[in-house]
Amino acid sequence: MDINKREECSDELGKMQKCNEENGEILKHCYNEFKIDISFFLKLHEQKINIYKLKSDYVNLISEMYVKKIKVEYKYKDINNLDIIEFYYPYRNTSFIEINKSSFDIDKMCVMPREKEQEETIKKTNSYNKKYQGVLLNFNTLEEFLNANKIKHVENSMNDIKMYAVCENSENNKKACIYDNSFWEYKEGELNFFEKINKYLILSYFDLKKCICYYSIANPVIKPVENFKEVAPSKRLHIYIDTENAYLNNDTNEINVIDTIYLSQKFDNCFNNHKLFVKSRVFLLLRCKIPKYGDSKNENYYDKFMQNAHEVLSNSQSEEDNEFYKINSFKNLYEYIFYDNTGKENSLNNDQQNKRISHYNILKKNLNLVVLPISCLTELKKEINISENKILKNVKKELFDIYICMIDPNYVFNSLNWDARNLLYFLTIKYELYNFNINLLAFRDIGMLGDNIIYSFNDNKKFIFKCPIFSKELQTNSNNTQTLFTDISNILGINYDLVDTLNCSEKSKIFNSGLIKKCNYSNSNLNRSGDINFGEGQNKLIKFFLNSSMFNIKIVGSSDFFKTNKNVENSKHSNFQNCELIGGWKKYVEKRNNKIKESTIYIINLNNFLNKNTIQRISLELNIKLIRWRILKNFKFEKIHNLKILIIGLGTLGCSVARTCVAWGIKNFTFIDNSRVSYSNVSRQCLFTLDNAESCSNTGEYKSVAAKNNLLKISPDLNITSKIMDIPMPGHLNYLKNENLYKTVEELDNLIDNHDVVFLLTDSKESRYFPSLLIAEKNYNCLKKYAKLTTPYNSNINDACKLDEDNTMQFPDNITYSNYMCILNESIENKKVNDKQNFNKKNEFTDQRNIFYSNILSKINQIDKMPPLGISVALGFDSFQVIRHPYLYFKSACYFCNDMNSPTDSVSYRTLDEKCTVTRPGISSISSSIATELLISLTQHPLQFSAPHIESDQYICFDSKGDNLKHKNVETSNSFVSCLGATPHIITFNLSNLSMRKLYSDAFDKCVCCSEHVILKYQENKPEFIKKVIRESLVLEQITNMGMLKQADEGDVIILD
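Numbers 1 to 1057, taken from UniProt numbering, label the letters of the sequence shown in order.
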């Protein structure tokens, strides 16, 4: 999705294009086009929250500049007084810099360009794409953004580019500056020089709550004191053609259309991949001057090419051609044409003379054109220094003409691209081209053969031109998409300078007769038979314009090039430090109330581009992720948002727990309940409304369904499954009549197995029994599968827990945190130990504890599928209890461990006040919040749900004595504690005296729910076990031998204070 709307490519746009200077003599440059994708802002939002936070530093970006070919309307202009039609090539190559989420991947700077998907309607010419560096500075407040010193930030962003020109004498930095030839060499997989010297800057502020981004974008360049100028207006390459003949320019001193056709094809494959430096898009173009021998004196320079056009343009790879294409330096070129290093002809024997002629023929076949890397100018440094006329084209005029060729996909034909400013600046400094005239070919005709517009090959593989045909009907409209073409095989050679100097005010007859008179066709007509009737009748002459243009650029002297500073030593380095920068800020133009408003500040509202689910998710998680900015930098949100939560019971507790989990960013839920919403529920249960109670003919909507629908209104992207299920309960005989009794338990078992956490929030004790049993069984099975019993149980924990040779603490599976800490704290409680020894002991025991838990963690990490965690909440009138069930190596008590009676029917024969959970209204919200916060604290513990019972927040620093709490540590945490604080086993709360206790209880080996005897009995015959427990729950006491414990004498009971 594009943010910036692209303007149409047209001549009108070319006229409206704002160049930096209005003076016609000054070289014009067209601004780069930037397309900022919506994915960039989404990535910036993510980076700001998760990485940048409160930092406001410069961030390097790397984007791509794409070249795309677009087809425009056929455009032509009828010059009536000359009887000539000017026709414009209908395909244009333009470029744009795409800034998207991949721009943050700075690793792309040193890797091969990745393939991009092509747009369906616009063809991207990928072989000419290039990397484009950028800098991002994101501010923390809108005021900082609006009051930013833009000049300062532009200078800072260009510091590394400016340094390329100030390290000539520094050996350490030599390879990182323009004075070293390696800087200009093309290396596959690295940034080329053109990519190194250009950069964009983005200043931004992101309003994270409103999802609105304010930004400004600049494309700074370096400017000499005096601008680069044009010696003469740029010339757009063209060919004269009519329906009978094509008239080629036979002037070897100019780059012509036939040369453009040749280069277009060769650039596409980098001269059979022997000149990969073409990908840098800037290089030298030479027109060699080959002496003519014998019959060849009457030939045009392109005749050899025309005879072999299909072979040359079909990218044939003969040994002779490849030898020629491998010429990548002036030295290689001199050797190829048998000249010495000074450019003087060597004396040759007969064999060498024949070889030279053969090489000359290869050159002629390639239009006498040679392409070399721009770094080869170093070989001509002497010639450049002694040049008198200061014309780069003529520094070796006896051998060749020198052009700088730049692949410039720019649709404003009388200007160069914006990046050419820095290129010309650095080339001038590097090769000391002060006061020089430079002939620069802005090459813009990419992939011409595939266009099938100006030329093609017939069935006989003969090169033919294509001439547009204009009927009288078409000539009434200057723009048309229905232009037809006819094939032209007759080619005439003329001198375009003679044609262009004719008096354009003369009438067409004078023009035609003058042209025939001045141009000598007899010697240059490739098809010498027939008379020439140039432009007579309906056969109008067509001036067919291509896209490429030739510029003649004047570079000022060194005194006018640099900005001098009297207080600084006059050198090119000090002068460069004071160079002038053009910010190149992109302006936003808006017309309101017939007034045009310009601003460099763009505003993008993500709400206009994203669906409501995405916006809501971003906003919901914002508060959670902001925790990491200042408060808890070690907080890991990724451990929370993918949790799968099963809530059994959608009453007061269930609704509150679900709502709090959503606030923590959890997305995946399953709700189980079989009751309906009543009017009495609406005031206490936060996910229900009167509409839910009134639905289904006032019987009420099912709670699980209503809770799902109302939560989706709060957060539409939640994944919620609602189950209407009546969970069997011990002592409730009516379930025995259900034929699908075991299927119901089996379905419940599958649901528990597919969730990470199970909240048991039903309103009776017996309704929690079978879910608790299923949770205990899964933990038991998991431990059994991964158990590695290294030592038998030993009453002496010091013997049971000991270090082996690898400092790994060996321990049996039945060692719990409570009896382990009893040993660790034994010496600390000894009053004879002084403070210093006490502190040292604590450190020693802490190390041993870390080893102990590291061993547990290593075991947990081997488990491929973790069992579910159970959390139960039980309410009284003004009190509650939150308990987390035992989990793997955290061998604590479950919800039923501290009860010596089997669960039975607690609902039947009860009055209304006994059936309903009559509580103080605030109790449910407090208890549900604590239960959810306990879960979140466990997720942040290294051992996660196996975290030990910790009563206090140990995410702290101690003073030198190791006793007193000093401050909250926001940088690092102690080992094996949760950054969110305590992870207690049991939490009890009494509202009447506002007291809270955190307790730990070991697992009861005779527990009617989680003990091994019960689990094994259940696994023997699950359907039969379920029926027996429902029929008579006292069977559980028989399985666990609870009866023997109940028959104990009072003397056997120890009462603890």
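Just so you know, these hints were derived from the structure itself, not from any lab.
It is possible that some hints are incorrect.
[Unchecked claim] Derived DSBU-like pairs: lysine-lysine, alpha-carbon spacing no greater than 30 Å straight-line:
(1) K765 / K633
(2) K75 / K644
(3) K891 / K101
(4) K1028 / K737
(5) K68 / K223
(6) K196 / K35
(7) K737 / K101
(8) K71 / K35
(9) K1022 / K644
(10) K223 / K152
[Stated by the list, open to error] Ranges of calculated distance between the beta carbons of each label pair, as one might list FRET restraints:
(11) S39 / N452: 33 to 41 Å
(12) L690 / I596: 14 to 22 Å
(13) L276 / I601: 40 to 48 Å
(14) S599 / I362: 30 to 38 Å
(15) G557 / K210: 38 to 46 Å
(16) I469 / E185: 19 to 27 Å
(17) T378 / D57: 20 to 28 Å
(18) I151 / D57: 16 to 24 Å
(19) S318 / D57: 41 to 49 Å
We treat Cβ as the ideally placed atom computed from N, Cα and C, and that holds for glycine.
Okay, the hints, checked on the actual structure:
1. K765 / K633: Violated. K765 to K633 sits at ~41 Å, over the 30 Å cutoff.
2. K75 / K644: violated (63 Å)
3. K891 / K101: It is violated: about 47 Å lies between the C-alpha atoms, which goes past 30 Å.
4. K1028 / K737: Satisfied, since the Cα-Cα distance of roughly 13 Å is no more than 30 Å.
5. K68 / K223: Judged against 30 Å, a Cα distance of about 29 Å means the pair holds.
6. K196 / K35: Holds, because 20 Å separates the two Cα atoms, which is no more than 30 Å.
7. K737 / K101: Roughly 61 Å separates the two Cα atoms, so the pair is violated.
8. K71 / K35: Given pair K71, K35 holds - Cα atoms ~20 Å apart, limit 30 Å.
9. K1022 / K644: holds (26 Å)
10. K223 / K152: holds (16 Å)
11. S39 / N452: 33 to 41 Å: holds (36 Å)
12. L690 / I596: 14 to 22 Å: violated (55 Å)
13. L276 / I601: 40 to 48 Å: holds (42 Å)
14. S599 / I362: 30 to 38 Å: Given a distance of about 58 Å, which is not inside 30 to 38 Å, the answer is violated.
15. G557 / K210: 38 to 46 Å: About 54 Å separates the Cβ atoms of G557 and K210, which means 38 to 46 Å is violated.
16. I469 / E185: 19 to 27 Å: At 48 Å between Cβs, range violated.
17. T378 / D57: 20 to 28 Å: violated (38 Å)
18. I151 / D57: 16 to 24 Å: holds (19 Å)
19. S318 / D57: 41 to 49 Å: Hint violated: Cβ distance 56 Å, outside 41 to 49 Å.
The earlier numbered hints that this structure contradicts are 1, 2, 3, 7, 12, 14, 15, 16, 17 and 19.
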